[in-house]
Structure formats: structure tokens, C-alpha cells
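*Asks:* On the provided structure of chain A, position chain B as indicated by the hints.
Residue numbers (this note's numbering), protein chains in the order written: chain A, 51 to 322; chain B, 104 to 342.
Nothing false has been slipped in among the hints.
To spell it out: a stretch of chain A is covered by chain B in this simulated footprint if at least three of its residues, at any positions, have a beta carbon under 8 Å from a beta carbon of chain B; those stretches are: (1) 154-166; (2) 204-213; (3) 226-234; (4) 238-247; (5) 275-283; (6) 286-294.
FYI, nobody ran anything at the bench for these hints, they're computed from the structure. Being a predicted model, the structure only gives us computed values, none of them experimental. The beta-carbon is built from N, C-alpha and C at its ideal position, and this holds for glycine as well.
If you want the building blocks of each chain, they are given just below.
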Amino acid sequence: MNFFKIIEQLAEVDSDALGRFDSRRAVFQSLGTFAKRSALATTPVLLGSMFQKAYAGTSVDTPIDILNYALTLELLEADFYRQFVAAGTATGAGVAAIAQIKKHEDAHVALLTNVIKALGGTPKTGVKFKTSAFPAAYADQLVVAQVLEDTGVRAYKGRAAELTATADQNITGIGNVNLLTVALQIHSVEARHASHIRYMRGKNPWVTTGEDVSSNAAYTGAIPESNVTQAGFNLTTQLGTPYSAADVAASFDEPLTPAEVLDMSRAGGLVG
Amino acid sequence: MSDNLQPRGSDDATFAQPLYTPIKRRSFFMYAGATAGATALVLAGCSKDSDNTPSGGISLGSGDVGVLNYAYALEQLEAAFYAQVVKTPAADFKAGELAYFTQVAAHEAIHRDFFKAALTNVAKVTPLQDLTPNFSSIDFTKRDSVLGTGKAFEDLGVAAYNGAGKLLKTPDFLVLAGKIVSVEARHAAFLRDLITPGSFAADDQVDANGLDKAMTPAEVLAIAGKYITQTLNADNVGK
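If we strip away everything but chain A, and leave its shape as in the complex, we get:
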């Protein structure tokens, strides 16, 4: 199914359509009671994301555009780890860990490049990690690595929905591929990297509220990592059992939109 096409066509027929969605969305959000939200939820769970896309006014991106977005981030990460290895600052088990992560980022670059080519697109090239943003000290390099990995996790999440219900396709030279599955398989590897970098730093492997990097823009956004509301439920109070805000926030990683990721305060500011 192609949501974008539907919305695009709808907008052609009814130029006020997007505005209406906006109002509807606002109403949906402003509904105070749990019962009303739940009742409404039967339909808008599905439609909500259409409204959100209409609301956000994002342009219609093809799978190749989405893959190139992922490739941009992978190129940035790969070049960061190239500089990390070249710096020679890692010690002990860190040497092998950084090499392993670099190997994966390089593999992601190669895979995405090949898939984009096979689909007839032009793969992004030449994205470099800004050398002036590369710190001198090992501890600081690990902070950047953590921020990059946690950002990567959020970035993939921010676009997965656009690949919803993508059919498998046979790509010449690669075989049978489902683009969403591939994105998810990369996404969880980025999360494993993030977990390990955090472990190396003696931090919680999961994004935790009130940690040393919490104020970094990588953890903020329209839906910040501190979010405790999912599908309209405040999970600290509405699950029958009370849970701490810290545990709830840590249980869910949150997405970032492309605009947020590419903002100068986040990954956008690390490209150079």
C-alpha cells in the first residue's frame, strides 16, 4: 500500500485535507480521558500515522531515498570509526570492540550501496565525519561513538514506518530481500553497538534518564528519550502496576525524524 500516494492524491482533490487532519490530530491529542482516547484509537491507530505524515508535510520519499538516508548515516559512522582506529587511542579490549563495530559499519555501507545500485538508484558517497569534531581523548571519542550509535538507533526507527508492509523483492546479485527486514537487522546491530559503547564507558547499556549525556540533543527531540507515553498510555500509571519513569523511559527507544537527525545540533553537525 502506498500511504504517500493516497495522501498526495487526497491533497490534490481536497486542498484543505491536510488542515483537517491537523485539527483532527489536535483534537485527538487534547482528549483528556483514557476512555475517549481508547475509543477513538480503534481507527486512528492506523490513520494516525497518515495524519502525522500529513501534518509533518514530509515529501514523498521512495525506498531509494530512505536507503540513501540510512547510507548517509552509515557513511558518517564508518568514517568516524576509520578516524577512531587511525587515532590509535583504544586500549585493551577496546581495540577489538572498535574494530568489530567498524567492520559492521563498513558492511552496512557496502550493503546499502549495493542495494541502492541494484534498485537503479545513485548511492550517496563522500560523507565524512568532521575532523574538527573528532576529540583527542579516548574517553571523549567513546562519548561521540555512543551519541552516534544511539542516534543511529533513533534514525532507523524514525523511518521504519515508511517501509511498512514492503514486499520481498528479488534484487539482482543480492537475492531475495525485504527492505524493512534489512533495515531492522541493521537497526538492532546499531543498538548492540550502542549497548557496548555504553558498557565500555561504565554506563547503563540502555538510554537512561539523568545520565551524563542526557542534555545532548541526540536524546531530545519531538519525542525525547525520556518519553513515558506509548500509544496514548502513560506507562508509569496506566498499566495496572506502577512503574518508575526511569524504567519506563529506558524500556522504549524513541525515533528521530530525518530533520531532527540532520539538524546541526545532532548528526548534521558532525558532517564535515
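*Replies:* Relative to the frame of chain A, chain B by itself:
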């Protein structure tokens, strides 16, 4: 399912009011109904209970509901495991490990309760029943046994979510699953590091293309089923 597209019930008057231009909305659906894609869209949230003729065991249901029940089953299993780990901690846990497992136990309990709430209040179905874990093969008094089982559950959970993503037809559900799977991957990497430092994304788990594993529901249940007293049937999950 199409009747769900119109708000109904006693709350109707209350919330239909501010959702102005109902006619426009209806015309949208008429318009959208003309496209093949929209047919899938309208059907996306349906659980075709009548088509559900399991070959054996407790059916997880069909369509997106089936996927949510499948995730709920796995989260029940993980939550039960970590609850037991915290209740009867291994004697040879290293300093700080119990505190970590207490956090992981909370994460999994939250995931479990969230799926139950989402199935009940968002998908509007009766969730899968409470499952009875069978942990007889796990020695909770031994760190090695706990870590080994935890790693197996977490890696399996990651592969399960990765494999189930394409079965979901509702974008919002996919995003929710994505929010959870990366936390499971963090757990998995952490447990791997506790067992063998540096094995967070070792070559046995991440392939030469840098891809994590993805497994079908049937493949996952063939492994997870050993730890669940009930037999689960995923034949219609995502269909």
C-alpha cells in the same frame, strides 16, 4: 472492520462533535476505497477470527493482532524469567549484576503489560491468556545458567521482532515494535558482554553484511516453546 472506521458507542456524540466535517472524512474513504492500496489499508487492523483455524495449540490470532499476541507471548516469557532471576538471584552473581537484572526485569514487565494494554484498548481484542512458564531446565542458583538463558532469550527476541516487522500492516504498531526491539538488542548485547566481554555483536550473531538475525514466528516458537507450558500456534500471525 469497516464499521470501526466510524466512531460509535456512547461516546459518539462527545467526540464526533469536534471532529468536524465527517462527510469529508467519509468521502476520503470512498475515494481511498477506489485504490487497491486502500483496501489493504482498511483491512489492516482486522483480525480475521473466522479464518482462524489453528492446526493445534492456542492460536495467537491473525493479522496485526496475531503479531501483537506473538510479541506479548515472548514478553511474558522474558518478564517471567527475569522476575525469577530477581526473586532468587544466583549466589555467584558479581557485584552490581543483580541491580542490572532488576532494571531489565522492569523493562520486560513494562513491555508485557504494555502489550496487554495495547491489545485490550487499542486493538480491542481479548489478549492472549497468561502463559505458564516452564523453567525446569534453568538453574537459577548459577550465574552461568542465568546468563546463558538470558542471552538466548534476548537474542531470540531480537530475531523475532526483526522477522515479525514485515508482518505488521499498521505503521504505528511497527514503530512501537521498533521502540522495543532496540531495547531488547541492548539487553542482548549486555548479556553477551557479561558472558564473554566483547561478544555484544559477535560473528555468530551478526553476519558478513552486518545484519542481525531475523526469524519467523514458527522458528522462534520452536525454541521458545520449550519454556512455555502451553503450546502456541502462530499459523495465522500476520496473515
